[in-house]
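A.B. asks: Chain by chain, the residues run as shown.
Number of protein chains: 2
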Amino acid sequence: MGRHVMKNVPVVLFGLGNVNLGLLRILVEKKELLARTYGTSFVVTGVADSSGVAVNPTGYSWDELLLLKAGKGKVSRLEGFLEGVPHDQLPFHTDAGLLIESSPVNLETGDPGLAVARHALKKGWNVVFANKAPLVLAFDELHHLAAANSCCIAYSATVCGGLPVINVLQRDMKAASLKSFHGILNATTNHILKALEAGGTMEEAIKEAQRVGAAEADPMHDVLGHDAANKLYIIMKSFSGFTGTIHDIDAEGIQHITAEQLAEARKRGNTIRLIASATPEGNSWKLSVRPTEVKSDSFLGQCEGWEMGIQFESDLYESISMKIVEEDPMATSAAVLRDAIDIIN
Amino acid sequence: MGRHVMKNVPVVLFGLGNVNLGLLRILVEKKELLARTYGTSFVVTGVADSSGVAVNPTGYSWDELLLLKAGKGKVSRLEGFLEGVPHDQLPFHTDAGLLIESSPVNLETGDPGLAVARHALKKGWNVVFANKAPLVLAFDELHHLAAANSCCIAYSATVCGGLPVINVLQRDMKAASLKSFHGILNATTNHILKALEAGGTMEEAIKEAQRVGAAEADPMHDVLGHDAANKLYIIMKSFSGFTGTIHDIDAEGIQHITAEQLAEARKRGNTIRLIASATPEGNSWKLSVRPTEVKSDSFLGQCEGWEMGIQFESDLYESISMKIVEEDPMATSAAVLRDAIDIIN
Numbered sequence: 001m002g003r004h005v006m007k008n009v010p011v012v013l014f015g016l017g018n019v020n021l022g023l024l025r026i027l028v029e030k031k032e033l034l035a036r037t038y039g040t041s042f043v044v045t046g047v048a049d050s051s052g053v054a055v056n057p058t059g060y061s062w063d064e065l066l067l068l069k070a071g072k073g074k075v076s077r078l079e080g081f082l083e084g085v086p087h088d089q090l091p092f093h094t095d096a097g098l099l100i101e102s103s104p105v106n107l108e109t110g111d112p113g114l115a116v117a118r119h120a121l122k123k124g125w126n127v128v129f130a131n132k133a134p135l136v137l138a139f140d141e142l143h144h145l146a147a148a149n150s151c152c153i154a155y156s157a158t159v160c161g162g163l164p165v166i167n168v169l170q171r172d173m174k175a176a177s178l179k180s181f182h183g184i185l186n187a188t189t190n191h192i193l194k195a196l197e198a199g200g201t202m203e204e205a206i207k208e209a210q211r212v213g214a215a216e217a218d219p220m221h222d223v224l225g226h227d228a229a230n231k232l233y234i235i236m237k238s239f240s241g242f243t244g245t246i247h248d249i250d251a252e253g254i255q256h257i258t259a260e261q262l263a264e265a266r267k268r269g270n271t272i273r274l275i276a277s278a279t280p281e282g283n284s285w286k287l288s289v290r291p292t293e294v295k296s297d298s299f300l301g302q303c304e305g306w307e308m309g310i311q312f313e314s315d316l317y318e319s320i321s322m323k324i325v326e327e328d329p330m331a332t333s334a335a336v337l338r339d340a341i342d343i344i345n
Numbered sequence: 001m002g003r004h005v006m007k008n009v010p011v012v013l014f015g016l017g018n019v020n021l022g023l024l025r026i027l028v029e030k031k032e033l034l035a036r037t038y039g040t041s042f043v044v045t046g047v048a049d050s051s052g053v054a055v056n057p058t059g060y061s062w063d064e065l066l067l068l069k070a071g072k073g074k075v076s077r078l079e080g081f082l083e084g085v086p087h088d089q090l091p092f093h094t095d096a097g098l099l100i101e102s103s104p105v106n107l108e109t110g111d112p113g114l115a116v117a118r119h120a121l122k123k124g125w126n127v128v129f130a131n132k133a134p135l136v137l138a139f140d141e142l143h144h145l146a147a148a149n150s151c152c153i154a155y156s157a158t159v160c161g162g163l164p165v166i167n168v169l170q171r172d173m174k175a176a177s178l179k180s181f182h183g184i185l186n187a188t189t190n191h192i193l194k195a196l197e198a199g200g201t202m203e204e205a206i207k208e209a210q211r212v213g214a215a216e217a218d219p220m221h222d223v224l225g226h227d228a229a230n231k232l233y234i235i236m237k238s239f240s241g242f243t244g245t246i247h248d249i250d251a252e253g254i255q256h257i258t259a260e261q262l263a264e265a266r267k268r269g270n271t272i273r274l275i276a277s278a279t280p281e282g283n284s285w286k287l288s289v290r291p292t293e294v295k296s297d298s299f300l301g302q303c304e305g306w307e308m309g310i311q312f313e314s315d316l317y318e319s320i321s322m323k324i325v326e327e328d329p330m331a332t333s334a335a336v337l338r339d340a341i342d343i344i345n
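Protein chains in written order, with the numbering used here: chain A, 1 to 345; chain B, 1 to 345.
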């Protein structure tokens, strides 16, 4: 399978949090494998964090960026820092490259991620998203922009991290029509439910989830079911021909679930999970996210703690279930790499 | 997404059993969707069954072929039947097309499937396999032949039918190294174990599986673990860099399992499954297929009856589990269609 011409792909890392730092770690660790298997090397020509943007057409060293962040440094310390240049005016130095958009979720405006993604696509750059917000706010627009500029977007990392939910639905369920979908799409709330089941309080369970580090800065985004609703929206837009908006998803979180309710459910052989579901309703879909009592020995009942799982039926492929244990954000970084390789090959 | 140029793809159906008849049914049912979504129409220019081969450069009607087989007819009745032409001399009328190789498994020589696949690849035709035997006997040779003739082979249908095991491992686990693999790869034996667990005898359970129709003509191929070993081999060749042969898999079937053993296991909170496993051993792999006691509430313990499932760990994507309910061969036909669309697009 050896390829003899190495392709150097200019990459801009937008955001230098867990996902993109994990990606840099994988690039360091898997450098030879990536070169051998895909004939590819990623040249990081630009980076951005909350301090601003920096560019280096010959590429920042991966280790340099990892060291900067290990020392709590900011992009503003890097050579090539562009004083006063706003995030979405980040200059793209070449005709084609890859933006990896892993900035924090902002569901009000989608920015800065949405603005920089638009800017990149108009310049003919491909975009890989780890940040859900731009897709939730502008799914169709981003797809149209990509098509109009002959470039691609990919976002398998936005839904259940390493579990290839979007890819399996879009690529492997060819010619099929979805009949129903149920999923546990948020590991933080699933972990909180486990802690509650062990007899803790909601407050303790949330603190524990934050300590372990998987909960977003604002854990209420997870707890209220918004994160799961965003993922369900991206899934349904990607596969089912769903034409509604995020507001068509009836979302209820786990904030009122108590240890007592879980104990009661247990007596009935059941447990409570935050289930995102899609069921057909006329010519469209009924979408919801809500705490749901499920059989303890069912597939979703067996998804525990840091697991996420989905189960769906289609007319051709009967019923398929998939789950992942994701205690660590590394699998999400790997999913970004998977998308990046797919796009450039 | 509308494509305005329809691509007519010449297709030869090698074998007209459940898989290719299911494919024809899907082509009839999904004709408009396939045209709209993929801009593709499959023109069946050749067919083969045990009576021989027939060709029609302008294409047989899908319904005609379905009617022929519904009436227990043979290819020898078709216009275009080639008297005395052996299977592997089936003439390919165009420069490029697609052979769908769904002939019966023959693990002695691989023929006629292996012979016709070689013949097709040398003519520059792509090949989609539903038949495992050619891959088990000539995995590397077929890949080299495809590369040498600038064509492709695909075989996602050979492993767990509709469950995209090969695709997820090859496409979605990019840059990852496999750490372990465990799977229930044969639904017939899993169904037999369920019937045994309900108190039946091995003989009754096998008859029931044959009656329902999923057991191959010779159910001992399933029962002795050979089918599962073949699938494990294809998986390991596809993803792990495994360089051994099928004989390196230590295969033991379920033929000696009794209802009593299952009842004993149950008392321990366990059940028995025919588990195909791969664990690292030095620089290579230890591969086996054998009846194994597993926790009843584990993922594989919960794969029951007509379900197949896999569970694997890698260095980047933690632990992923997937399963499918496959009572009907339709999902395998759909997997063939999925491969066909991937190859021609």
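Each hint should be verified, as a subset may be incorrect.
In silico DSBU-like cross-links for lysine-lysine, where the CA-CA straight-line distance does not exceed 35 angstroms [as the list claims (entries may be wrong)]:
{"hint": "1", "chain 1": "B", "residue 1": "K30", "chain 2": "A", "residue 2": "K207"}
{"hint": "2", "chain 1": "B", "residue 1": "K295", "chain 2": "A", "residue 2": "K179"}
{"hint": "3", "chain 1": "A", "residue 1": "K179", "chain 2": "B", "residue 2": "K286"}
{"hint": "4", "chain 1": "A", "residue 1": "K295", "chain 2": "B", "residue 2": "K179"}
Please keep in mind that the hints were generated in silico from the structure rather than gathered at the bench. Please read these numbers as outputs of a predicted model, since none were measured by experiment.
A.B. asks: Does each hint fit the structure? Answer for all of them.
C.D. replies: To see whether the hints hold, each was checked on the structure:
For a cut-off of 35 angstroms, the pair hint linking B:K30 to A:K207 is broken: about 51 angstroms separates their Cα positions. The hinted pair formed by B:K295 and A:K179 meets the criterion: a straight-line CA distance of about 31 angstroms does not exceed 35 angstroms. For the hint pairing A:K179 with B:K286, the CA-to-CA distance comes to about 40 angstroms; that exceeds 35 angstroms, so the pair is violated. For the hint linking A:K295 to B:K179, the alpha-carbon distance of about 31 angstroms falls within 35 angstroms, and the restraint holds.
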